[in-house]
Amino acid sequence: MDLVAILGAVSILTAGLTLAGGAAAVGWAEGYAVSSGLTSLAQQPDEAGSISRTMFISLAIVETSAIYCFVVAMILLFANPFWQYAISAAAK
Amino acid sequence: MLEIYDQQIAFYLPYFNIPVNWTIASTWIVMIVLMIVSWLATRHLKTGNKVSHWQTAMEVIVKAIYGQINEVTKSNAMTYMPFIGTLFIFILTCNILTIIPEFKTPTASLSTTGALALMVLFGVPFFGIKTAGVKKYLKKYIEPSPAMLPFNILSEITSTGAMAVRLFGNVLSGVIIGSICMILVPFILPLPMQVLGLFTGMIQAYIFAMLALMYVSSVRADEDEEAAASPKKSLDIDETL
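Just so you know, the protein sequences line up as chains A and B, in that order.
So for the first sequence, our numbering puts the first residue at 1313; every next one is plus one.
So for the second sequence, our numbering puts the first residue at 7; every next one is plus one.
Bear in mind the hints are in silico, worked out from the structure with no lab data behind them.
Be aware that one or more of the hints could be misleading.
Calculated pairs, DMTMM-like style, for lysine to aspartate or glutamate (alpha carbon to alpha carbon, straight line, at most 20 Å) [what the hints assert, rightly or not]: (1) K110/B / D12/B; (2) K136/B / E162/B; (3) K80/B / D1358/A; (4) K52/B / E65/B; (5) K80/B / E1359/A; (6) K1404/A / D1314/A.
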């Protein structure tokens, strides 16, 4: 296997693993946050506005990790910084 | 599949021959839409029982934003209203206009979201000094102890980057899911994904505005001092509208 093939395979594998790990962990964490939010919403319906606002903002902050994973995966797949180097090294 | 709007030239500026990419061009489109709508809506402002439909719609929007800001800051909502409201309405318009085919939404580019997040980064000292004074603003960085100074400065910068990447990644993921569905099942399936993208876009506009509000209003004068100093500072929106 030459350098380009190895780099392509590793990039695709790493992108898939990145998305898998990010999605799994953040999905679990967001489910936990929503479940806690709904519990407190059922206990105190009067505070619905405050609870749902705080819940949405915390969800966004939790979700940032998944978004980082997504961006890294997209960079690996579509804008890999080492791709140009591999092609020029293979051409030599 | 991954379209980078920053590298697609929309047109060349006449006489100067400067290339204008799609991010800038669609930002201008959104700005023109917003300007025309707000001009139409605020043309014949009046009080009384009979007001135009435009004015009623505008009052609903402004009052909803005011209420949200007032819930977080408890007072002084009018200080943050122009900044936060503009951010919210701009991002919301960008995200909603994605349903128009071929519209290249500016929020799917890291340069737009980075610029918006930079505005928030500079808004923190601006609003902090405006509402609490220089001394109190600088004191925020050495709390709870001066040893935390580098971490506090670092947290300002990383939270700005996180805001930019969050909005960018959410909108970009909607765009990419749409195009993947178009490749796989181009008939019906992209439709619910587009609806999901609209929903995500609205939530993201709300979240961006709320996080910006929390950052810029993190430094404030104490509630008691503020109320004692200027009891009529929190002006009632019903009187102004």
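For each hint, the structure was consulted:
For the hint linking K110/B to D12/B, the alpha-carbon distance of about 10 Å falls within 20 Å, and the restraint holds. Restraint check: the Cα-Cα separation between K136/B and E162/B comes to about 18 Å, which is no more than 20 Å; the hinted pair holds. Proposed proximity of K80/B and D1358/A is supported: the alpha carbons are some 18 Å apart, at most 20 Å. Between the alpha carbons of K52/B and E65/B the distance comes to roughly 12 Å, so the proposed pair stays at or under 20 Å and holds.
About 15 Å separates the Cα atoms of K80/B and E1359/A, which keeps this hinted pair within 20 Å; it holds. As the CA atoms of K1404/A and D1314/A are separated by approximately 12 Å, the hinted pair is consistent with the 20 Å bound.
Every hint, counting from the list given before, is met by this structure.
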